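In the order they appear, the protein sequences are chains A and B. Our numbering puts the first sequence at residues 247 to 613. Our numbering puts the second sequence at residues 1023 to 1350.
Among these hints, one or two may not hold up.
For lysine-lysine, the following DSBU-like pairs were computed, each having C-alpha atoms within a straight-line distance of at most 30 Å [unchecked claim]: (1) B:K1100 to B:K1342; (2) A:K465 to B:K1156; (3) B:K1315 to A:K551; (4) A:K554 to B:K1315; (5) A:K475 to B:K1293; (6) A:K441 to B:K1110; (7) B:K1315 to B:K1105; (8) B:K1315 to A:K527; (9) B:K1293 to A:K397; (10) A:K400 to B:K1110; (11) A:K465 to B:K1110; (12) A:K351 to B:K1105; (13) B:K1293 to A:K337; (14) A:K465 to B:K1293; (15) A:K465 to B:K1260; (16) B:K1260 to B:K1315.
These aren't lab readings, by the way, just hints derived from the structure by calculation. All figures in this text were calculated on a predicted structure; none of them were measured in a lab.
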Amino acid sequence: MKTLFFNIKGLLTAAVVFASFSLVSCGGGGNPSGTDSTASGGSDEALIGAGSSFDNPLFSKQFSQYSQTNGLKVNYQSVGSGAGISQLTAKTVDFGASDAPMNGKQDSGLTAPAIHIPVTEGAVVLSYNLSEVKDTLKLSPDVLAGIFLGKITKWNDPKIAAINKGVKLPATAILIAHRSDGSGTTNIFTTYLSKVSPDWSTIVGKGSAVNWPAGLGSKGNEGVAGLIKQTPGAIGYIELAYAIQNSMPYAKMQNKAGNFITPSIASVTAAANIQIPPDSKVSLTNTDAADGYPISSFSWVIIYKEQKYNDRSLDRATKLLKLLSWMIHDGQQYSAALNYAPLSPAAVSAGDAILKSATYDGKPILQ
Amino acid sequence: MDTSVENGALTRSDIPLRVIHSTPEGMARIKRRVKRSFRQIRTENVFRRTLTIMGLVMIILVLGILLTLIIQSLPSIKALGLKYLWGKVWDPVQDIYGAWPFLLGTLLSSFLALLISIPFSLAVAIFLGEYYPKGWLPDFLKNAVELIAAVPSVIYGFWGLAVLVPIVRTLETHLGVEPVGVGIFSSSLILAIMIIPYAASLGRSMIQMVPSPLKEAAYGLGATRWEVIRSVILPYTKSGLFAGILLSLGRALGETMAVTMVIGNTSLIPKNIFAPGNTMASVIANEFTEADKPVYLSALIELGLVLFLVTVVINLIGKKIIDRFTNE
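Given only the sequences and the hints, what does the whole structure look like? Please build it.
Following this line, the structure appears as structure tokens:
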């Protein structure tokens, strides 16, 4: 009897303690979260970054290499470009990473100007499921827009046949596969289509998620790739790196100069060999470069131009800038093995100039 | 202890103090008893208070979630108004948000799943509750059904995409509709499998709780087994069976991962049950991470609010129906 009694008492005490805890945490819910893990500490702890999931494999490799030589730990959260920008806006990270430059609305949310540094290049390829077609399919901007607008519905459409002479195209229906989740890949693809097709620009527009006039959505590169592999007659857009790693077939795209370009690391790097504006916020889609693949894009790291905010130390700011400088120079050697396109010389020199513009308390950090 | 616990609170005057043996040894015993009684009272009261606090925490949580959803969706409510509910276009580029295609997709896929699952869950409930309550095969079946509820939904989604979708595609080719495979029908099939255990488990325990005198009386009057099930068991358990079905509907409405993998994720309004569509839960899951504009984010949260309200309304209607069943 007695032991039972004490057991009950012990249990009750535990319950009361638990209940009071949950009440306390309930009452504390009003406090803005994130104050505990901000980058404002200015301590010697790891740098914190967040953003693009596209960049994540490359960043993991680069950061682990960098920490081996320089002892600096970088904690990168692969949460998506949009979320990375929000975290930078909230000043909870040292840097954000995004597949698209910040748009006007995101810019206006910032309390201080931010700078974009191009860190790598990616491309979006058109993969398809046509078992009868042995040659590599060729696509022109006009045909591509027609397909994704739902105007070209059969593979043996005269418009497709006209650019694929000698290829026997089946009479099957075209099934369009697109991303259902908001993504930088969609942003690059729709930005390209908006540039090359006035119809697309007015009907659909560009963004990380758009109102697709036709087709099926699936989550992630793997979801779209799954739909393409499963459905005969399917076409969809995926990242170049994913297509190479999974040996998916992908089409040659006609670029601005009229050449049909096979997407590859070399042709994506070539796409960035153009005049790059001082802020580097340029879309490489529909590039002027004659040998460049037209659906290419930079991926950017975004930081505040003035690094003295929230009690950040000069030491922390210098470490960040040195890391970024290493990433666009020595760090590029890890790109190709992971199927990322290395930065073009023009992009590296633009990145150097931008990094030098970063200041701490009004004075430049990198000499 | 013959204490009266009227409102649950015990007071000092409730303790029976019987002073019979006024010997020192008797007094000591009484003192010990009084001390123990006080402790018991204190324990009782602490226990009661804990229960009250726990209950209140649940209420605060639900209200807190509702409040958060409302506050966060205010920008979108202000910008779009009531049109949001029946708007047919979801265009993040031009900031036009209409929840109608997703509302329709959610209701269509959930109720279709419910229709498909009811015969199975009823059959399992009757089989396990009435025909074979004991034995290794029923035990195995019971565990298998409960396991269905324990499998993570992403596995259903994966299985659906790899196995079910090609089968549905073949079916669609024979039916003459556009053979895409993924769509409302595929997701309803997946959902139906996922929700069977809820109605089946509850139904089984309800059927087992039917008093045997009732059944024996019916058998005594010459009723066959089928007649006993139809005229005794089902009428007796209908509110419980309905509650189980309601529970499974709630599960179907909120299911996200498995559905988003097989529904096709298009914002177009589904033309038939084989067409691809989208549900509110899967739109939120898909687009939340990259919602880069305040109104867009707010519109997604409002979608959560609508889903919350739809679930509440359906539950309230269900409660009303259960009440009517029980009062008859």
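Structure-based check of each hint:
1. B:K1100 to B:K1342: At roughly 33 Å apart (the allowed maximum being 30 Å), K1342 of chain B and K1100 of chain B break the hint.
2. A:K465 to B:K1156: Violated, because 45 Å separates the two Cα atoms, which is more than 30 Å.
3. B:K1315 to A:K551: holds (23 Å)
4. A:K554 to B:K1315: This hinted pair holds, its Cα atoms lying about 27 Å apart.
5. A:K475 to B:K1293: Within the cut-off at roughly 25 Å; holds.
6. A:K441 to B:K1110: This hinted pair holds, its Cα atoms lying about 27 Å apart.
7. B:K1315 to B:K1105: Holds, at about 20 Å.
8. B:K1315 to A:K527: holds (19 Å)
9. B:K1293 to A:K397: Holds, at about 19 Å.
10. A:K400 to B:K1110: holds (28 Å)
11. A:K465 to B:K1110: Measuring from Cα to Cα gives roughly 22 Å; hence the hint holds.
12. A:K351 to B:K1105: holds (24 Å)
13. B:K1293 to A:K337: With Cα atoms ~46 Å apart, K1293 of chain B and K337 of chain A exceed 30 Å; violated.
14. A:K465 to B:K1293: OK: K465 of chain A and K1293 of chain B at ~23 Å, within 30 Å.
15. A:K465 to B:K1260: violated (41 Å)
16. B:K1260 to B:K1315: violated (49 Å)
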